[in-house]
Amino acid sequence: MPTKMKIDIVSDVSCPWCIIGYKALDQALLHLTEEIDAEITWHPFELNPHMPQEGQEITEHITQKYGISAEQAAHNREMIKQRGLEVGYEFGNRGGGRIYNTFDAHRLLHWAKEQGKQTELKLALFDLYFKQSGNPSDHQQLLEAVGNVGLDQAQATQILASDKFATEVRQLQQHYTNSGIQSVPAVIINEKHLISGGQPVAIFEQALKQIAKEI
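Per the UniProt record's numbering, the sequence shown runs over residues 1 to 215.
Be careful, since some hints might not be right.
Restraint-style ranges between C-beta atoms, simulated for each label pair [said to hold, decoys possible]:
#, residue 1, residue 2, range
1, His75, Glu144, 28 to 34 Å
2, Gln153, Met1, 38 to 44 Å
3, Met79, Gln206, 19 to 25 Å
4, Glu214, Glu34, 40 to 46 Å
5, Ser133, Ser162, 25 to 31 Å
6, Gln140, Gln206, 31 to 37 Å
7, Pro49, Glu71, 25 to 31 Å
8, Gln132, Ala154, 20 to 26 Å
9, Glu120, Lys6, 44 to 50 Å
10, Glu86, Glu191, 27 to 33 Å
11, Gln115, Gln171, 15 to 21 Å
12, Lys213, Thr157, 43 to 49 Å
13, Gly147, Lys209, 17 to 23 Å
The set of hints was computed from the structure by calculation and includes no laboratory data. We treat Cβ as the ideally placed atom computed from N, Cα and C, and that holds for glycine.
Given only the sequences and the hints, what does the whole structure look like? Please build it.
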């Protein structure tokens with residue numbers, strides 16, 4: 001019988017390493033289907049919590065935030081694209097894209113967990129941002145993603161028009177910040193083992209096997 005495993009992933013929908021890390025984790029779990037039965041829950045982290053509604057041009061943002069040149073930013077973007085391809089995820093062209101606020105996306109993800117469709121919506125939001133150069137702060141685009149994964153758009157509209165789940169999302173963000181999470185993705189297994197960053201498939205597989213032996 002497979003070992004049951006609780007996996008919490010702290011991440012942001014505008015974080016490229018988060019989708020790379022998830023895809024690698026997913027492949028590792030596929031390799032270990034007979035050994036591990038994992039339950040995945042996503043938790044909020046905002047890379048840019050103070051980003052205004054209109055967002056910021058991506059190269060301008062990256063160079064300012066990390067103190068690197070436009071050439072270095074382009075090199076990093078190319079490296080991310082290659083790492084994505086290694087785990088079967090093809091990034092779109094983010095060279096002329098923008099960085100946006102993601103708080104409302106996290107509120108919808110909190111709701112989607114209650115509906116049993118959190119991972120489906122999370123992946124749809126990754127695609128919205130990275131494949132479609134979409135805006136995860138735009139309510140109409142969020143509602144389209146909601147509908148695409150079979151969630152109730154009318155309910156989502158009501159959530160977006162209110163501050164529903166805002167307190168819960170902020171409390172979760174504070175909890176993980178207080179727990180020492182300063183960067184994402186942070187993959188927490190059985191509430192005590194932390195795997196940080198977009199690790200390769202082999203690293204996830206090795207870690208999962210070791211943890212399963214200790215249970």
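Here is what the structure says about each hint:
no.: 1; hint: His75 <-> Glu144: 28 to 34 Å; in the structure: holds, 33 Å
no.: 2; hint: Gln153 <-> Met1: 38 to 44 Å; in the structure: holds, 39 Å
no.: 3; hint: Met79 <-> Gln206: 19 to 25 Å; in the structure: holds, 23 Å
no.: 4; hint: Glu214 <-> Glu34: 40 to 46 Å; in the structure: violated, 18 Å
no.: 5; hint: Ser133 <-> Ser162: 25 to 31 Å; in the structure: holds, 28 Å
no.: 6; hint: Gln140 <-> Gln206: 31 to 37 Å; in the structure: violated, 43 Å
no.: 7; hint: Pro49 <-> Glu71: 25 to 31 Å; in the structure: holds, 28 Å
no.: 8; hint: Gln132 <-> Ala154: 20 to 26 Å; in the structure: holds, 23 Å
no.: 9; hint: Glu120 <-> Lys6: 44 to 50 Å; in the structure: violated, 19 Å
no.: 10; hint: Glu86 <-> Glu191: 27 to 33 Å; in the structure: holds, 29 Å
no.: 11; hint: Gln115 <-> Gln171: 15 to 21 Å; in the structure: holds, 20 Å
no.: 12; hint: Lys213 <-> Thr157: 43 to 49 Å; in the structure: holds, 47 Å
no.: 13; hint: Gly147 <-> Lys209: 17 to 23 Å; in the structure: violated, 39 Å
Violated hints, in rising order: 4, 6, 9, 13; the structure is consistent with all others.
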